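Undergrad: What follows is each chain in one-letter form.
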Amino acid sequence: QKEVEQNSGPLSVPEGAIASLNCTYSDRVSQSFFWYRQYSGKSPELIMSIYSNGDKEDGRFTAQLNKASQYVSLLIRDSQPSDSATYLCAVPFSNYQLIWGAGTKLIIKP
Amino acid sequence: EAGVVQSPRYKIIEKKQPVAFWCNPISGHNTLYWYRQNLGQGPELLIRYENEEAVDDSQLPKDRFSAERLKGVDSTLKIQPAELGDSAVYLCASSLVLAGDSYEQYFGPGTRLTVT
Chain A
26 QKEVEQNSGP LSVPEGAIAS LNCTYSDRVS QSFFWYRQYS GKSPELIMSI
76 YSNGDKEDGR FTAQLNKASQ YVSLLIRDSQ PSDSATYLCA VPFSNYQLIW
126 GAGTKLIIKP
Chain B
8 EAGVVQSPRY KIIEKKQPVA FWCNPISGHN TLYWYRQNLG QGPELLIRYE
58 NEEAVDDSQL PKDRFSAERL KGVDSTLKIQ PAELGDSAVY LCASSLVLAG
108 DSYEQYFGPG TRLTVT
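Just so you know, the sequences run in chain order A and B.
With the working numbering as the guide, the letters of the first sequence map in order to residues 26 to 135.
With the working numbering as the guide, the letters of the second sequence map in order to residues 8 to 123.
Hints in this document: simulated from the structure, not taken from any laboratory.
Please note that a few of the clues may not be correct.
What the hints assert, rightly or not - Covered stretches of chain B, going by a simulated chain A footprint (3 or more residues, C-beta under 8 Å):
hint, stretch
1, 46-53
2, 112-119
Unchecked claim - Chain A residues, not near chain B, derived (Cβ > 10 Å throughout):
hint, residue
3, Glu40
4, Asn91
5, Ser107
6, Ile133
7, Lys134
What the hints assert, rightly or not - Below are the BS3-like pairs computed for lysine-lysine, each with C-alpha atoms no more than 30 Å apart in a straight line:
hint, chain 1, residue 1, chain 2, residue 2
8, B, Lys18, B, Lys78
9, B, Lys23, A, Lys67
10, A, Lys67, B, Lys22
11, A, Lys27, A, Lys81
12, A, Lys130, A, Lys81
13, A, Lys67, B, Lys78
14, A, Lys130, B, Lys18
15, B, Lys85, A, Lys27
16, A, Lys27, B, Lys69
17, A, Lys130, A, Lys67
18, B, Lys18, B, Lys69
19, B, Lys18, A, Lys67
20, B, Lys23, B, Lys69
Since the structure is predicted, the reported quantities are computational estimates derived from the model, not experimental observations.
Every residue gets a Cβ at the ideal spot worked out from N, C-alpha and C, and that includes glycine.
Just need the whole structure built from these sequences, with the hints factored in.
TA: Structure below.
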């Protein structure tokens, strides 16, 4: 059974703090992982891709991958109110199919 | 570079009526996806095309849903007849998939369907 799990939240973080979002998956074969951001009423927007164990940094965003423990996380530093959105984790399994988590709703409080 | 284009953005129909959605993917992308997303859930794949070929339609309710991708570019998703439970956002995404390449998908703005 292919599963991707996220805490639905909402996760409330003060402005300027670090927001930490987590995602676990059930299949050890997956080689790449994606984080999408979805604002209310909008479509998902790709913000991070990560393919190997360790950290990948892009501006205020850091993706962390641990294949042995089967989790991937997204850290948002210096959180801004504009970061308030739902964050979706997507994991490709065989045959190029992306399996999506249900998303974590993040609220940044000014 | 233009993104994925979808139309219409919103559609309200009565149950049992037909409806169609159109998608134009990012230029050069060979793979096109149709997803359905319900509130509070992640996208659910309905069908995936590689060029003109539907390579994964296992989640498509074939009794009422149909799709086509003529010439390997634009695609149309149709529902006939629509049911109340079909109310959702229908998303189109595209990607460039090559052997050993990534699976990054880029989404259009979606069509919000309301069936009354």
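Undergrad: Evaluate each hint against the coordinates.
TA: These are the hints, each one checked on the structure:
no., hint, in the structure
1, 46-53, "holds (count 6)"
2, 112-119, "holds (count 6)"
3, Glu40, "25 Å, holds"
4, Asn91, "20 Å, holds"
5, Ser107, "19 Å, holds"
6, Ile133, "20 Å, holds"
7, Lys134, "21 Å, holds"
8, B:Lys18 x B:Lys78, "26 Å, holds"
9, B:Lys23 x A:Lys67, "27 Å, holds"
10, A:Lys67 x B:Lys22, "25 Å, holds"
11, A:Lys27 x A:Lys81, "25 Å, holds"
12, A:Lys130 x A:Lys81, "22 Å, holds"
13, A:Lys67 x B:Lys78, "29 Å, holds"
14, A:Lys130 x B:Lys18, "26 Å, holds"
15, B:Lys85 x A:Lys27, "28 Å, holds"
16, A:Lys27 x B:Lys69, "23 Å, holds"
17, A:Lys130 x A:Lys67, "14 Å, holds"
18, B:Lys18 x B:Lys69, "21 Å, holds"
19, B:Lys18 x A:Lys67, "16 Å, holds"
20, B:Lys23 x B:Lys69, "16 Å, holds"
In this structure, every one of the numbered hints holds.
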